[in-house]
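Visitor: Fit chain P to the supplied structure of chain X, relying on the hints for placement.
2 protein chains.
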Amino acid sequence: MLRNLKVTLAYDGTDFAGWQVQPDRLTIQGELERVLAEIAESPVKVHGSGRTDSGVHALGQVFSCTMANPIPAAGLLRALNHRLPEAVRILAAEEAPPDFHARFSAIAKTYEYRICRSEICPPFESRYVFHCPYPLDEEAMILAAPRFEGERDFRSLATSDRREYETTVRTIFSSTLVRQGELLTYRVRGSGFLYNMVRNIVGTLIEVGQGNVAPEDVDTVLEAKDRSVAGSTAPASGLFLAGVEYP
Amino acid sequence: MLRNLKVTLAYDGTDFAGWQVQPDRLTIQGELERVLAEIAESPVKVHGSGRTDSGVHALGQVFSCTMANPIPAAGLLRALNHRLPEAVRILAAEEAPPDFHARFSAIAKTYEYRICRSEICPPFESRYVFHCPYPLDEEAMILAAPRFEGERDFRSLATSDRREYETTVRTIFSSTLVRQGELLTYRVRGSGFLYNMVRNIVGTLIEVGQGNVAPEDVDTVLEAKDRSVAGSTAPASGLFLAGVEYP
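Just so you know, the protein sequences line up as chains X and P, in that order.
The letter at position 4 of the first sequence is residue 4 when you use the working numbering, and the numbering goes up by one with no holes.
The letter at position 107 of the second sequence is residue 354 when you use the working numbering, and the numbering goes up by one with no holes.
Note that these hints are calculated values from the structure, not bench results.
It cannot be assumed that every hint is accurate.
[What the hints assert, rightly or not] Now the stretches of chain P that chain X is said to cover, found in silico as 3 or more residues with beta-carbon under 8 angstroms:
#, stretch
1, 252-265
2, 330-337
3, 366-372
[As the list claims (entries may be wrong)] FRET-style restraints, in silico, Cβ to Cβ:
#, chain 1, residue 1, chain 2, residue 2, range
4, X, Glu41, P, Val425, 26 to 32 angstroms
5, P, Arg426, X, Leu2, 43 to 49 angstroms
6, P, Asp262, X, Ser232, 26 to 32 angstroms
7, P, Arg272, X, Pro85, 20 to 26 angstroms
8, X, His82, P, Pro344, 50 to 56 angstroms
9, P, Ala355, X, Arg163, 57 to 63 angstroms
10, P, Pro380, X, Asp24, 47 to 53 angstroms
11, P, Ala471, X, Asp24, 51 to 57 angstroms
12, X, Arg83, P, Ser407, 32 to 38 angstroms
13, X, Leu2, P, Ser421, 54 to 60 angstroms
14, X, Gly150, P, Ala355, 36 to 42 angstroms
15, X, Gly211, P, Pro319, 27 to 33 angstroms
16, P, Arg250, X, Glu149, 41 to 47 angstroms
Glycine residues also receive a C-beta, built at the ideal position from the N, C-alpha and C atoms.
Looking at chain X on its own, in the form it has when it is part of the complex (with noise of 0.2 angstroms):
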């Protein structure tokens, strides 16, 4: 009898080449896997909440997987975080029901994404964060973050890929942008999110800040429903997947 369980995770992203098992690339998912494969002694498939990107990093990613290995959760836990690299440590492994699933299941999740606006980024922050020095006019940009809340067509922000999407319409619940220091910290927590979404939400808000997009000015940017009328993608380091729900 297979069990299924739900292991949440940390993760430095800078030296892997992302989530997704890729031949010859250092991947989360990979290691994942060899190391999983190690301590149950036949292969195991992970199942994350979703992909994230190279150099993208997690607070609190999620996986379901099967064995048939009986290890109690915590010693699993412990002998992961034994094998795994120093970049990637699991935080919880717990028994699920059989159709949990960490991508099906899921019914939001968060992200929060780090500016460094201070004029020198130090050296143990800059993996961690976009280091944005010049002149931003954080105001405007406070104000357009909300704007982003609703059910609406995020086509306008979704990045093309060879993803096939049913829908472009998503709900975000909160978004928030606040200053705390010297950073600057967007939040978002949505029922899900297209490819590169919440990095290209951040490039437009900083479009905002520079003052090439007024903060009333979101709306047409999301009823454009075309990717150019937004901002850049924001950089990869910034972006942190905060959390997953489940019901």
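Guide: Chain P in isolation, oriented as in the chain X frame:
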């Protein structure tokens, strides 16, 4: 007429083979000399306050150098940060008297060593700490720390290498260990330090924490003048050169 410069910098030493120039290796001094030569359009020799080993970080390393190029110090700072890797950041650049030398003019140095005590070390901290989740008598370690203070022969705490010391006597002005949150931080300020001395003090404090050495036995360790009686060398990742003082 050559001008003399005093430059203060911070770096994340994880991906460097230490401070000192080595052929075909990425080093801090090597990167500084490469970039300074580009800016000055002639070779520039960098004199650090001292070497740091591979993986050791700096919050406030200092170097001096002479150059003929009249670029203002503030412009030099910006030009250096523009060309250097993000892991190395210039914090200050200023004109210095002709006799200033980062190493020979130094009167004191401060080092910081960070020990992470949480069960799971966050992946965003593991490059900057020594992860020590096992039981330690921290009270005994805190009591032992100031016992390294004073003018003492630190031969027991010097890793032998090809360096020849005129004397192994050094003066430690302060030596303290404090717990803040999940971090146990050792700070030591002294007239100078022998090779690996701070990491060997920390290794000895770990022995105290494990009950292998009593706090009052620190004197015995020092009086033995024998490297084999002290603790092992704590990992480079936890060590920061915090600052260098000049008259």
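Visitor: Now tell me, hint by hint, if it's right for this structure.
Guide: A quick look at each hint next to the structure:
Counting residues of the stretch 252-265 of chain P whose CB lies closer than 8 angstroms to any CB of chain X gives 3, which reaches the minimum of 3, so the coverage claim holds. Counting residues of the stretch 330-337 of chain P whose C-beta sits closer than 8 angstroms to any C-beta of chain X gives 5, which meets the bar of three, so the coverage hint holds. Counting residues of the stretch 366-372 of chain P whose beta carbon lies closer than 8 angstroms to any beta carbon of chain X gives 5, which meets the minimum of three for the stated coverage. For the hinted restraint 26 to 32 angstroms between Glu41/X and Val425/P, the CB-CB distance of approximately 45 angstroms leaves it violated.
Our hint of 43 to 49 angstroms for Arg426/P and Leu2/X holds, since their Cβ atoms are close to 44 angstroms apart. Here the CB-CB span from Asp262/P to Ser232/X is close to 28 angstroms, well matched to the stated 26 to 32 angstroms. Evaluation of the 20 to 26 angstroms hint for Arg272/P and Pro85/X yields a pass: the beta carbon distance comes to about 22 angstroms. Checked against the hint of 50 to 56 angstroms, the C-beta distance between His82/X and Pro344/P comes to roughly 54 angstroms, which is consistent with it.
As the Cβ distance of Ala355/P to Arg163/X is approximately 58 angstroms, the hint placing it in 57 to 63 angstroms holds. Pro380/P and Asp24/X have their C-beta atoms about 33 angstroms apart, which leaves the hinted 47 to 53 angstroms range violated. The hinted window of 51 to 57 angstroms between Ala471/P and Asp24/X holds, with their beta carbons roughly 52 angstroms apart. The hinted window of 32 to 38 angstroms between Arg83/X and Ser407/P holds, with their beta carbons roughly 35 angstroms apart.
Distance hint for Leu2/X and Ser421/P: a CB-CB separation of about 59 angstroms, consistent with the stated range 54 to 60 angstroms. The hinted range of 36 to 42 angstroms is not satisfied by Gly150/X and Ala355/P, whose Cβ atoms lie roughly 59 angstroms apart. About 30 angstroms separates the C-beta atoms of Gly211/X and Pro319/P, a value consistent with the hinted range of 27 to 33 angstroms. The beta-carbon spacing between Arg250/P and Glu149/X, approximately 56 angstroms, falls outside the hinted interval of 41 to 47 angstroms.
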